[in-house]
Amino acid sequence: MSVLLKAEAVSRRYRMPRQALFAVPPMLTAVNGVNLTLDRGQTLGIVGESGSGKSTLARMVMGFERPDEGRILFEGRDLNALSARELRRTRQHFQMVFQDPFGSLDPRRTAGWSIAEPLRVVGSLDRAGIARRVDEVLEQVGLRAGDAGKYPHEFSGGQRQRLAIARAISTRPALLVADEAVSALDVSVQAQILNLLMDMQEELSLGILFISHDLAVVASICDRILVMRHGDVLEAGDARAVLANPRHDYTRSLLTASGISA
Amino acid sequence: MLEMRDVSVRFGEVAAIRSASLTVTEGDRIGLVGESGCGKSMMALTLMGMVPEAARVTGSIRLNGKELVGLPERALRRIRARSIAMIFQEPMAALNPLRRIGETVMEPLLLHEGLSRNAARARALALFEEVGIPEPEQRLRQFPHEISGGQRQRVLIALALACNPALLIADEPTTALDANVALRITDLLVRLAEDRRMALLFISHDLAAVTRATRDICVMYGGDIVERGPTREVLESPAHPYTKGLLAARPRFDPAAPARRRLPTIPGTVPQLADLAPGCRFSGRCAVELAHCARTRPAAAAPGPGRSAACHRLAAEIPA
Chain A
1011 MSVLLKAEAV SRRYRMPRQA LFAVPPMLTA VNGVNLTLDR GQTLGIVGES
1061 GSGKSTLARM VMGFERPDEG RILFEGRDLN ALSARELRRT RQHFQMVFQD
1111 PFGSLDPRRT AGWSIAEPLR VVGSLDRAGI ARRVDEVLEQ VGLRAGDAGK
1161 YPHEFSGGQR QRLAIARAIS TRPALLVADE AVSALDVSVQ AQILNLLMDM
1211 QEELSLGILF ISHDLAVVAS ICDRILVMRH GDVLEAGDAR AVLANPRHDY
1261 TRSLLTASGI SA
Chain B
8 MLEMRDVSVR FGEVAAIRSA SLTVTEGDRI GLVGESGCGK SMMALTLMGM
58 VPEAARVTGS IRLNGKELVG LPERALRRIR ARSIAMIFQE PMAALNPLRR
108 IGETVMEPLL LHEGLSRNAA RARALALFEE VGIPEPEQRL RQFPHEISGG
158 QRQRVLIALA LACNPALLIA DEPTTALDAN VALRITDLLV RLAEDRRMAL
208 LFISHDLAAV TRATRDICVM YGGDIVERGP TREVLESPAH PYTKGLLAAR
258 PRFDPAAPAR RRLPTIPGTV PQLADLAPGC RFSGRCAVEL AHCARTRPAA
308 AAPGPGRSAA CHRLAAEIPA
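Top to bottom, those sequences are chains A and B.
Residues 1011 to 1272 in this note's numbering are what the first sequence lists, from first letter to last.
Residues 8 to 327 in this note's numbering are what the second sequence lists, from first letter to last.
Bound-form chain A, shown alone:
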C-alpha cells in the first residue's frame, strides 16, 4: 500500500493576546511535533476534544495553514514547498468536508453550482462536462441528478451533508479530510453518511483523515487512530487495538464519555 499523506514533526504555534502593553505575547502550541502517515484507501482517525489541535492539523494538511516546523508531504511532495500555482493544481487531489454543511453551501446558489465550484477551479472541464460530472456525483452520493437545480434549504441535514460529500469527490480526490463530518447528524442519518463515506472510499480508494470527538463513530470507520490532547499525540496505532486496550487515562475517559465502556 502506498503512502498518501505524511506529516513529519509538524508544529503550529499561535501568538496569544499580550497581557500588558510591552509584555512578550504568550504563545499557544496548537500542534506539537505531530507525525502521521495515511495510506491510500485507508482511514486515519484523529480523536480529541476542542482545543486538542485536531482541526489545526486538518487545516495544515489542507494547505490552509503553514506549519511553523515540520513538513506535510502529499504523495511525497512537500505542500509548503509548492508554488501557489502548483498548490492550486494539487488541491483537486485533496478535499474537505466540514461539520456544518449549511455553513459551507452558499444559500443563494443552487446545489449544482456549489458542487461544481472545485471543478471550475481546476478548469479542466467545459460547461457541459461540468454539468455531466455534477449529475454523476449527485447520483453517486444517493441524490438525484435533478437535485442540482435546488437550493440548500430545500434539502434535509443529511442530504446537505451528501451534497458536501458530492462536492468533495467531484474532482476525484485521493484524500478526503472529514472534520466532524457526521457530528451534527441524527443517529440514523449519521449511519447513512458513514456508510456513504465507506462506499466512496472503496470506489475511489480514498484516503480519509477522519476528525472526530466521538470514539464510537471513529471505531466504526477508522483503520488507525491518533489520540490528541493540547497539541500532543497521546497514543496512536491500530484503531481496534487502541480502543480495546487504551494506554492513556485520557483515552479511557473518552471511551467512557462515548458510552463504549462504563
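To be clear, the hints were calculated from the coordinates, so they are not data collected in a lab.
Quick reminder that beta carbons are idealized off the backbone N, C-alpha and C, glycines included.
Be careful, since some hints might not be right.
[Stated by the list, open to error] In silico lysine to any residue, SDA-like type, Cα no more than 20 angstroms apart, as pairs:
1) B:73 to B:28
2) A:1160 to B:276
3) A:1160 to B:251
4) B:251 to A:1205
5) A:1016 to A:1072
6) B:251 to A:1226
7) A:1160 to B:73
[Unchecked claim] Some chain B residues well away from chain A (every beta-carbon gap over 12 angstroms; in silico):
8) 297
9) 309
10) 311
[Said to hold, decoys possible] Quick partial rundown of chain B residues pointing at chain A, CB under 7 angstroms, derived from the structure:
11) 60
12) 154
13) 155
14) 187
15) 190
16) 215
17) 253
18) 256
19) 258
20) 259
21) 260
22) 262
23) 269
24) 270
Once you've looked at the hints, dock chain B against the given chain A.
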C-alpha cells in the same frame, strides 16, 4: 406531580404532538429521545407553556392538580418560575452577553422570590457552589464570554435551580459540550435531582448520556411517544421497530467485528410533519409493516412489565 394526558399540539391541520401522555412524579428521571423533528423539544415547550403562538394545545396538563392548559400567560409565568425550570442546548445563547453573570443569576431571586440584593447574592453564591463552579465570587462579576462552555452550562443550571423547581427540563444539555465535560454535566444533573428530590426530564439524542442520566425513557417519532419503559430495559431489548432501528444504527465498538463494516440504517428520512401517515407514523420506513399500519393508529402493547410500545405488529403478538 405533573400529569400530561392526551396532549396534542397542532399547527393548523398538522399535529406536532399527537395525544401524548406523560406522568412525572417526585424524583423521577425521565429521558426523552428521538431524532430531530420528532417532537422532543415541542414536548418540553408544551410543558413550559412556551409553544409558538400559532400552535393549538389540547388535552390536559396538571401540575400538582392545577390545570395548565388554557391558563393566561401571566398566571402560567408564575407557576413556571416556581415549579418548572428549563436549560437549553446552547448556554451562550441563553445568557445575555451584555450582563454580568451575577446579574442574570440574581434576577429570578429578586423577581420571583422577592429577596433583597444581599440575600440574592448570597443565594447565587450558594447555588454556584452547589453546581460546582470554582471561585464563585469572581464568576458573579464576569461576563458569559469569559468562561468556558461547561462553566456556562453550570451557570444556567444554577439559574434554573434558583427558585427550587420541582421539575427541571434539560433540552439537549450536553450536545454542545466536549465529551468529558458532557459526562460531568450529566452526572451533576443526576446528583442535583437526587439531592433535591427534583424530577428531571432529560431530552437528548445522545443515548449514552440518557442511559447515564435517567431511570425511565420515552422514545418519540413523528410527534408520538412510540415506546416507553425503564431506560436500561428499553435500550437492551427494544420492542418498537423504530427504537430497534435507531439502536442498530448507532456506531459501536466491537473488537470482534471486521473493520469498516456498514451500519444498519433505517430506510428513508424523517418525513415532514405534514407528510406523516394518519396511522402509525413510522409506516413507510418500517421493516415489519402490516397492511393497515399507515391507516390506523396502533394502540400500546406491553412488551414487558412497566413497558409499552405502540405498534400493530406487537399488539398482534402480545395482548395489551
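Violations among the numbered hints: Hint check: 3, 7, 11, 12 and 13 fail, others pass.
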